[in-house]
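Visitor: Protein chains in written order, with full-length UniProt numbering: chain A, 1 to 309; chain B, 1 to 364.
All the pointers check out, no bait thrown in.
Covered stretches of chain A, going by a simulated chain B footprint (3 or more residues, C-beta under 8 Å):
hint	region
1	197–206
2	210–217
3	220–233
Read the hints as simulated data drawn from the structure, not as lab findings.
Cβ atoms here follow ideal geometry from the backbone N, Cα and C, with glycine treated the same way.
Chain by chain, the residues:
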Amino acid sequence: MTQAAPTLAVRATAERSAATARTATKRRPNRRIVLNIILGLFAILWMIPVIGLLVTAFRSTTDAQTTGWWTAIGNVFGQHWTTTNFVTAFTNLDLGTNFFNSVAVTVPATVLPIMFAAFAAYGFTFLDFKGKEVYFAVIVGLLVVPTQVALIPVLQAYVAFTKATGIPIVGQFPAAWVYHSAFALPLAIFILRNYMSTLPVALIEAARVDGASHFQIFWRLVVPMSMPALASFAIFQFLWVWNDYLTAYIFLGDANPVLTQALYGLLGQYAQGWNLVAAGSFITIVVPLIVFFGMQRYFVRGLTAGSVK
Amino acid sequence: MASVTFDKATRLYPGSTRPAVDAIDLEVADGEFLVLVGPSGCGKSTTLRMLAGLEEVNDGRILIGDRDVTDVPPKDRDIAMVFQNYALYPHMTVAENMGFALKIAGVNKDERATRVLEAAKLLDLEPYLGRKPKALSGGQRQRVAMGRAIVRQPQVFLMDEPLSNLDAKLRVQTRTQIASLQRRLGVTTVYVTHDQTEALTMGDRIAVLKDGVLQQVGTPRDLYERPNNVFVAGFIGSPAMNLFQADLTDAGVMFGNHPVAIDRATLAGISGKKVTVGIRPEDVTVATSGDGLPVEVDVIEELGADGNLYGHSDIAGARVDLCVRVDGRSHPNAGDKVYITPKEGHLHLFDVESGARVGEAVIA
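Working from the sequences, and respecting the hints, build out all of it.
Guide: See below:
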């Protein structure tokens with residue numbers, strides 16, 4: 001074999017890749033600009049309600065009552081800008097009690113369904129038992145049941161439970177925990193099972209040969225590797241429960257009011273003072289933001305990199 | 001350490017009518033390196049997974065030592081397995097990966113560290129103990145997978161094509177390392193591969209499988225010199241053995257116009273007027289004229305020391321492709337016509353119908 005042939009081949013490939021690189025650099029800036037404009041438009045569109053809320057939070061009660069928030073943007077200097085809304089909202093929200101109540105509801109109502117769902121998802125993914133598909137179909141089917149239809153029956157059941165056992169439940173935190181957890185489970189099981197079924201089966205088999213029981217495989221392998229899915233669901237569930245008003249109002253009511261209920265309390269009988277609600281919303285949004293940014297580091301891609309092949 | 005026994009072990013996947021592994025009888029002696037080899041889909045991996053306990057045994061038994069493990073879960077079998085894709089735990093360091101089984105078994109921290117370090121030294125993995133699998137090269141990952149098995153000090157090593165993800169050069173290197181390591185540790189090993197070269201170079205004994213049925217078990221030499229049937233004859237050896245049908249006459253088997261005499265006992269074993277003839281590429285004498293099977297040379301493959309002659313011949317109206325080992329320096333060229341005859345004592349005969357071997361290798 002002569003030397004010329006491979007050299008030529010190498011040169012040809014080099015030229016070809018240089019050519020692709022040139023067209024890529026030529027085309028890329030244009031595409032980037034278009035992409036950024038489209039994304040920017042969407043971002044602005046999605047932000048409009050939040051901007052409205054933010055503007056309102058800094059307006060005086062009279063301004064907020066009489067004109068729309070967008071007029072304030074056109075007439076920035078003709079407004080009575082104020083920060084008293086925040087002060088008033090902060091004092092009236094009674095954060096000491098309500099904040100604690102919100103945490104007391106949200107944390108267990110996030111942790112419990114994740115734990116149960118992770119166990120269930122492990123079973124549905126890695127165990128073989130009769131009727132597996134049927135059970136899973138039933139659970140996924142439960143996704144179509146809206147939360148609201150179960151409010152009255154569950155409330156009745158709680159009352160009946162208290163009558164029978166003497167243990168009070170309505171107005172107590174567990175009332176909200178059970179309800180939130182139950183309705184979170186179908187989606188959580190669905191998401192986690194789908195994620196776990198993407199984990200390499202060889203890993204589970206390796207652990208079985210290594211002598212691990214199902215419980216050990218679950219805690220030492222599957223949970224650490226499922227972190228992205230667990231974290232995503234935790235954020236969804238946390239936000240959902242933290243922002244929930246209906247369930248908390250029905251099952252806890254005035255006995256243990258949560259933040260959303262206190263927020264609603266800022267509104268007068270004729271909806272005057274919604275500038276206070278706007279300010280209050282920005283105060284209560286702090287916690288979800290902390291949770292979101294705190295858990296962001298678990299959204300890691302390629303968590304199983306290097307395990308197989 | 002222990003022996004391994006398959007006693008009519010069968011695996012029938014639900015919904016299929018033909019067993020993936022069909023009543024296998026196989027004994028692996030204590031400390032032996034047995035290679036399971038066969039084409040893909042022949043049931044060799046299933047056989048290994050049955051021994052690991054990852055695959056159900058539908059019929060028959062599997063024993064490790066004297067213990068019947070047919071229904072014992074994998075974690076209680078005292079075996080270690082090296083997976084084809086290594087299956088390293090991605091969130092653990094190399095040291096944690098290797099020590100995982102010991103941790104599960106409740107071995108204390110100091111002993112764990114000692115044993116991990118010992119295995120790491122054996123495999124040149126010491127500098128990487130603190131790394132995660134994704135920061136390792138393919139060869140290093142493969143060694144970690146080996147290390148994880150060695151640390152266990154199990155009764156039996158199971159290896160499922162552990163080299164198939166390495167590049168050619170590393171594969172040859174690692175092949176030798178694994179074979180010598182196994183001999184040093186003396187642990188009974190069952191090794192699965194589809195590569196007959198790997199099987200020949202590594203195994204004390206080789207078991208050839210096809211369609212879930214065990215074809216032949218023997219030493220590499222046995223399998224090469226005395227294949228039991230046409231399948232083993234064609235599968236073991238590279239380039240493969242030449243196999244074609246030849247006529248039987250009173251003078252013997254017709255190798256072209258060159259008759260090869262066969263003894264009476266062998267002749268008695270042949271039914272019909274034809275026989276399948278097998279001859280390895282290196283067991284052929286090439287002449288430019290004279291008698292023998294005429295072969296048209298299509299291409300010569302240069303290998304340096306010697307070469308492979310690929311050609312075809314016309315046998316009973318059908319084209320038969322043939323491969324012959326020739327000298328590297330002086331050999332016929334493409335387009336030439338040559339005449340080949342078998343060397344003494346190297347002609348294999350097989351029954352046309354059953355493919356089973358007939359008699360011993362025949363003298364020319």
